[in-house]
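Residue numbers (the numbering used here), protein chains in the order written: chain A, 1 to 257; chain B, 1001 to 1269.
Simulated from the structure, these hints should not be mistaken for lab results.
Take the hints with a grain of salt, since some may be wrong.
Keeping only pairs whose Cα atoms sit at most 25 Å apart, straight-line, the calculated SDA-like set for lysine to any residue is [to be verified]:
hint : chain 1 : residue 1 : chain 2 : residue 2
1    : A       : LYS102    : B       : PRO1171
2    : A       : LYS102    : A       : MET143
3    : A       : LYS102    : B       : LEU1152
4    : A       : LYS102    : A       : THR140
5    : B       : LYS1093   : A       : THR140
6    : B       : LYS1093   : B       : GLN1153
7    : A       : LYS102    : B       : VAL1175
8    : A       : LYS102    : A       : GLU135
9    : A       : LYS102    : B       : VAL1173
10   : B       : LYS1093   : A       : GLY73
11   : B       : LYS1093   : A       : TRP81
12   : A       : LYS102    : B       : TYR1109
13   : A       : LYS102    : A       : PRO123
14   : B       : LYS1093   : A       : GLY80
15   : B       : LYS1093   : A       : THR12
16   : B       : LYS1093   : B       : TYR1109
17   : B       : LYS1093   : B       : LEU1114
18   : A       : LYS102    : B       : PRO1169
19   : B       : LYS1093   : A       : GLN18
20   : B       : LYS1093   : B       : LEU1186
21   : A       : LYS102    : B       : VAL1185
22   : B       : LYS1093   : B       : TYR1206
23   : A       : LYS102    : B       : SER1172
24   : A       : LYS102    : A       : GLY17
25   : A       : LYS102    : B       : LEU1261
26   : B       : LYS1093   : A       : GLN188
27   : B       : LYS1093   : A       : MET143
28   : A       : LYS102    : B       : ALA1183
29   : B       : LYS1093   : A       : ARG79
30   : B       : LYS1093   : B       : GLY1023
31   : B       : LYS1093   : B       : VAL1022
32   : B       : LYS1093   : A       : GLU135
33   : A       : LYS102    : B       : GLY1158
34   : B       : LYS1093   : B       : TRP1044
35   : B       : LYS1093   : A       : THR126
36   : A       : LYS102    : B       : ILE1107
The calculated label-pair distances, taken between Cβ atoms and stated as ranges, are [as the list claims (entries may be wrong)]:
hint : chain 1 : residue 1 : chain 2 : residue 2 : range
37   : B       : ASP1106   : A       : ALA236    : 44 to 52 Å
38   : A       : ASP63     : B       : ALA1149   : 21 to 29 Å
39   : B       : SER1077   : A       : TYR147    : 45 to 53 Å
40   : A       : TYR13     : B       : VAL1175   : 29 to 37 Å
Note that CB positions come from ideal geometry on N, CA and C, so glycine has one too.
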Amino acid sequence: MSIVELRGAEVTYRRAGQPFVALHPTDVVIEPGERVGVVGGSGSGKTTMARLMLGLVPPSQGDALFDDRSIVGLPERQRGWLRARASMVFQDPNSSLNPRMKLRDIVGEPLRSPVLRNRGDVPEPTPEVLAGALEGVGLTAEMLDRYPHQLSGGQRQRVAIARALISDPAFLVADEPVSALDVSVRAQVLNLLTDEVNERSLALVLVSHDLAIVRHLCERVLVVERGHIVEQGAVADVLDNPQHPYTQALVDATLSL
Amino acid sequence: MKRATLYLGLSLIGLVVLLAVVGIFWTPYSPTAMVGPRLARPGWPHLLGTDGFGADIFSRIINGAKIVLLVGIVSVSGAALVGVPTGIFAGMKRGWAGEIPARLADILYGFPALLLAILFAAALGGSTWTAMLAISISTVPAFVRIARAATLQVMSQGYVEAARLSGTPSPSVAVRHVLPNIAPVLGVQASVSFGIAILAEAGLSYLGLGSRASEPTWGRMLREAQDYIFSEPIQALWPGLAIAVATMGFNLLGDGLRDLLDPRLRELR
């Protein structure tokens, strides 16, 4: 039984009045606990693919499934089963954390959501639970009353990770989770993410242009170019022995740095 | 000075508020009674002189401040109460359900406020409350537009997406994420609308569509001073000055707030 599945899913945007195919019909299957990297250049459609899996963009044809149920065409209030078990870490914590909310409310927000409360096994957003969530990502309980602007970039992304994981999801999408951070804190945040994913045996989709991060965190990799998956397979096979010219170019670009 | 506009605006408003608060409890003379000779020049005991009926102008100005603030508060908060939720709804809802309130607001925006007030005055009779209702209705579209535009901007932020991903229902998103983040823009709009409302009320009273003779507002005083514009032009100066001070105060406050809240300017400081 797969956790996420795309069946011939295609995404079309309107750009300047012209339809633009961001993702050509694509088939992807992700098993529970599987860690998949999606790599490609900017504008390749890798983020679109991830957003499609969470129902943030609708497919123009084909189907997207979560836990073997289609998420396509449903109003938000009928997507409870998806919202209760999937979450996301965004690229830029400056935008993904509400500047007018304290960490207490940011991290606790998923626990107040009705669809999660329906799940039954979700803890109440008590101060102990919230403090535990912050401590779990290497922050301290006294930060609960701070606002995002009082934290460093790395700390903010830790908060975003705490929020994504507090609901104990089964599937996590991380969209360039460290590319907006200082090089000096990237490794720490990445290690945190790795530990959490391992500990919780999360299914992970990691969207990144950085092959080193994918190699570090993922088992399987999809290489996306102009809306097509041009190569896929185990990380070691694909990145050490790339077959497609685009993959070779990506690998060469990394090596030359 | 960097916040000169803001402070100047606040002090002008403070002056009007002070007059209004004093006016609630005390005026030197009754603002509507004949208390002295007609058309007295400024001096003692009538600081700003008396008008064509022999009423004390200073007392009438103080009393007018009260009404001006009442009109501003009632019409702006009424407009915000209707316009802000509508604008947020229009900004959050995709498709035709969000378009309809936005387009309706645009239509209402194109309808002249004065015409609306004349319509109301004809139907309901001219009074301060009719004027407030008309001003309030014509201010609604401004709030719908600004709230919708600001909401659209907030909706594209990651934190709204994150809230959606955890299954937070739309009303909670509106209250927790949208409203606090658009509040500064709404504050600026409220301040500017307040100035416009004062001006509109003065205009309506001047045309005889606002307050009755028993309620001396600045606009009404201006209308009465018109009769003596060539013989005693100073009569028109006082209410005119009062209107200018109050309107400018709120406009400056709006500008000052905008400068203060503009994140790009804040970065530079």
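Verification of the hints:
| no. | hint | in the structure |
| --- | --- | --- |
| 1 | LYS102/A to PRO1171/B | holds, 20 Å |
| 2 | LYS102/A to MET143/A | holds, 9 Å |
| 3 | LYS102/A to LEU1152/B | holds, 23 Å |
| 4 | LYS102/A to THR140/A | holds, 14 Å |
| 5 | LYS1093/B to THR140/A | violated, 38 Å |
| 6 | LYS1093/B to GLN1153/B | holds, 13 Å |
| 7 | LYS102/A to VAL1175/B | holds, 15 Å |
| 8 | LYS102/A to GLU135/A | holds, 16 Å |
| 9 | LYS102/A to VAL1173/B | holds, 15 Å |
| 10 | LYS1093/B to GLY73/A | holds, 16 Å |
| 11 | LYS1093/B to TRP81/A | holds, 23 Å |
| 12 | LYS102/A to TYR1109/B | violated, 38 Å |
| 13 | LYS102/A to PRO123/A | holds, 20 Å |
| 14 | LYS1093/B to GLY80/A | holds, 19 Å |
| 15 | LYS1093/B to THR12/A | holds, 21 Å |
| 16 | LYS1093/B to TYR1109/B | holds, 21 Å |
| 17 | LYS1093/B to LEU1114/B | violated, 32 Å |
| 18 | LYS102/A to PRO1169/B | holds, 20 Å |
| 19 | LYS1093/B to GLN18/A | holds, 24 Å |
| 20 | LYS1093/B to LEU1186/B | holds, 20 Å |
| 21 | LYS102/A to VAL1185/B | holds, 21 Å |
| 22 | LYS1093/B to TYR1206/B | violated, 42 Å |
| 23 | LYS102/A to SER1172/B | holds, 16 Å |
| 24 | LYS102/A to GLY17/A | violated, 41 Å |
| 25 | LYS102/A to LEU1261/B | holds, 20 Å |
| 26 | LYS1093/B to GLN188/A | violated, 39 Å |
| 27 | LYS1093/B to MET143/A | violated, 35 Å |
| 28 | LYS102/A to ALA1183/B | holds, 17 Å |
| 29 | LYS1093/B to ARG79/A | holds, 17 Å |
| 30 | LYS1093/B to GLY1023/B | violated, 46 Å |
| 31 | LYS1093/B to VAL1022/B | violated, 47 Å |
| 32 | LYS1093/B to GLU135/A | violated, 37 Å |
| 33 | LYS102/A to GLY1158/B | holds, 16 Å |
| 34 | LYS1093/B to TRP1044/B | violated, 63 Å |
| 35 | LYS1093/B to THR126/A | violated, 32 Å |
| 36 | LYS102/A to ILE1107/B | violated, 40 Å |
| 37 | ASP1106/B to ALA236/A: 44 to 52 Å | violated, 59 Å |
| 38 | ASP63/A to ALA1149/B: 21 to 29 Å | violated, 36 Å |
| 39 | SER1077/B to TYR147/A: 45 to 53 Å | violated, 29 Å |
| 40 | TYR13/A to VAL1175/B: 29 to 37 Å | holds, 31 Å |
Going down the numbered hints, you'll see the structure goes against 5, 12, 17, 22, 24, 26, 27, 30, 31, 32, 34, 35, 36, 37, 38, 39, while the others check out.
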